[in-house]
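Visitor: Here's the letter readout for the chains.
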Amino acid sequence: MAPFVSISGLSKTYASGFKALAGVDLEIRRGEILALLGPNGAGKTTLISIICGIVTPSEGTVTVDGHDIITGYRVTRSMIGLVPQELTTDAFETVWATVSFSRGLFGRTKNPALIEKILRDLSLWDKKDNRIKELSGGMKRRVMIAKALSHEPTVLFLDEPTAGVDVNLRKDMWGLIRELRASGVTVILTTHYIEEAEAIADRIGVINKGRIVLVEEKAALMQKLGKKQLILELTAPIGAVPASLAAYGLALSNGGSRLTYTYDARVESAISVLLGDLAAADLHFTDLKTEQSSLEDIFVTLVEEPA
Amino acid sequence: MNTGMNFQAVKAIYKFEMARTWRTLFQSIVSPVISTSLYFVVFGSAIGSRIPQIEGVAYGSFIVPGLIMLSLLTQSVSNASFGIFFPKFSGTIYELLSAPLSFVEITLGYVGAAATKSILLGLIILATASLFVPLHIAHPFWMLTVLVLTAVTFSLFGFIIGVWADNFEKLQIIPLLVITPLVFLGGSFYSINMLPPFWQAVSLANPVLYLVSGFRWAFYEIADVSVMVSAGMIAIFLVACLAAVWWIFKTGYHVKN
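Protein chains in written order, with the working numbering: chain A, 35 to 341; chain B, 327 to 583.
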């Protein structure tokens with residue numbers, strides 16, 4: 035299937051000379067949740083801003099459903115909903131007015147029933163006549179989501195949707211994002227919370243210094259790059275790792291009674307070979323467990339590696 | 327998919343801006359009307375009664391077109407400049423930029439609303455003036471045409487200022503330091519025939535003179551310059567502002583980066 039959003043060779047150098055994006059290629063599939071993970075200043079917001087029409091690219095092209103974002107901007111933008119990172123709202127407007135305004139701005143005719151549904155889904159219905167300045171930060175965030183959904187977008191960009199949001203609201207947002215995907219909306223979200231990507235994404239892209247470092251299925255990524263550790267509690271402490279096991283790079287700790295083996299999950303036979311060699315060296319153990327590194331560890335490894 | 331003009335968006339922006347007017351009724355309508363009424367009381371009745379007629383028109387009546395122009399120009403500029411400056415300032419401009427609309431729709435929405443507001447204000451001031459001084463409008467159609475074209479032109483000019491300004495000081499500086507002096511020195515309160523020849527010549531370099539003169543002609547058929555010259559000048563300003571807006575649209579100047 036052709037990608038829904040296709041980005042190729044996208045670069046952006048700001049007037050200040052800062053190069054925010056350096057040749058990004060990325061394909062986003064219809065109906066998926068893609069999490070873009072990256073440290074502050076990696077280029078996540080610039081990437082989203084270009085696709086949505088807020089920033090003009092220096093080089094490269096982006097198409098949404100086959101339409102170029104520059105020449106076909108009216109078509110692409112009417113498909114896109116954007117929830118920016120900062121809480122920028124018209125403080126003096128009511129919730130109802132601002133969400134209805136967004137729908138009109140995107141060229142859609144009035145649909146009070148739909149606006150009501152969106153506000154109810156976001157628990158904003160009883161605040162519909164309140165001015166935005168009277169709302170809490172979490173509610174303002176939901177107002178911005180309501181605005182983005184008001185014109186029934188098929189692709190939704192969420193720039194750090196849960197930055198500065200409490201745990202409960204974050205869980206609510208994740209639920210909402212999953213519901214949106216279930217209704218057929220493609221969701222691209224940026225985050226620097228790894229647990230967020232781990233919790234809701236189908237695929238994860240890692241961006242650093244204006245480049246896409248990798249894009250992978252979440253499960254595949256965790257398996258492929260995940261380092262696993264095998265921890266063995268020995269029946270009796272030993273003074274040193276036997277010479278026959280030197281090749282494994284085992285770490286001895288806990289007074290000589292714990293062996294830790296760090297191995298690559300991609301090599302399927304890694305553990306059985308070691309266990310065989312342990313038996314040959316007459317080493318026995320009372321307990322064993324394995325630990326898998328989190329996405330966070332993977333992420334830190336990726337962005338710290340010299341590019 | 328719709329690829330033509332996004333008229334829903336023009337309507338949305340226009341309604342949004344008009345709602346802002348009603349919300350700030352006192353600031354946007356009531357206070358300009360009150361301050362203009364003070365001019366009528368002071369210059370029209372109190373001092374005006376001691377000033378002889380100018381070209382056959384009582385002084386109080388003579389200044390009405392100029393006073394309407396003063397409000398029309400300053401309010402058009404401030405309404406339109408604030409309308410587009412505020413989203414830039416608050417950050418809500420992201421939504422205008424990410425919506426399926428071009429600068430044409432944005433301009434139509436903001437300038438249309440600002441001009442509507444100024445025209446309403448001009449008509450309210452005209453009605454108020456009729457309570458204080460005798461008024462005669464010789465050419466109502468021409469009067470309305472000048473009113474509308476001036477409101478549109480200066481709303482466009484204000485829109486350009488709003489795009490250009492990146493802080494509140496810049497937003498205020500042109501209305502205060504350029505528009506107000508030009509209106510005061512543009513024959514709002516006097517005929518330039520009352521000036522020495524040198525200052526008459528200098529006054530002819532003031533673009534606002536042509537607006538005030540053309541507008542006053544619609545009332546009393548007296549003018550400092552030929553009414554056709556006034557019409558030509560209004561057209562030139564309008565075209566100049568449209569060209570500037572078109573240039574902003576082409577380059578994304580001060581709006582996109």
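Calculated directly from the structure, the hints in this document are not laboratory data. Take these hints with a grain of salt, some might be off.
[Stated by the list, open to error] Only some residues are given here: those of chain B computed to face chain A with a beta carbon under 10 Å:
hint, residue
1, N332
2, Q334
3, F369
4, R376
5, I377
6, Q379
7, S428
8, K576
A virtual CB, placed ideally from N, CA and C, is assigned to each residue, including glycine.
Visitor: Decide, hint by hint, whether the structure agrees.
Guide: Okay, the hints, checked on the actual structure:
{"no.": "1", "hint": "N332", "verdict": "4 Å, holds"}
{"no.": "2", "hint": "Q334", "verdict": "5 Å, holds"}
{"no.": "3", "hint": "F369", "verdict": "36 Å, violated"}
{"no.": "4", "hint": "R376", "verdict": "47 Å, violated"}
{"no.": "5", "hint": "I377", "verdict": "45 Å, violated"}
{"no.": "6", "hint": "Q379", "verdict": "48 Å, violated"}
{"no.": "7", "hint": "S428", "verdict": "8 Å, holds"}
{"no.": "8", "hint": "K576", "verdict": "12 Å, violated"}
When held up to the earlier numbered hints, the structure conflicts with 3, 4, 5, 6, 8 and fits the remainder.
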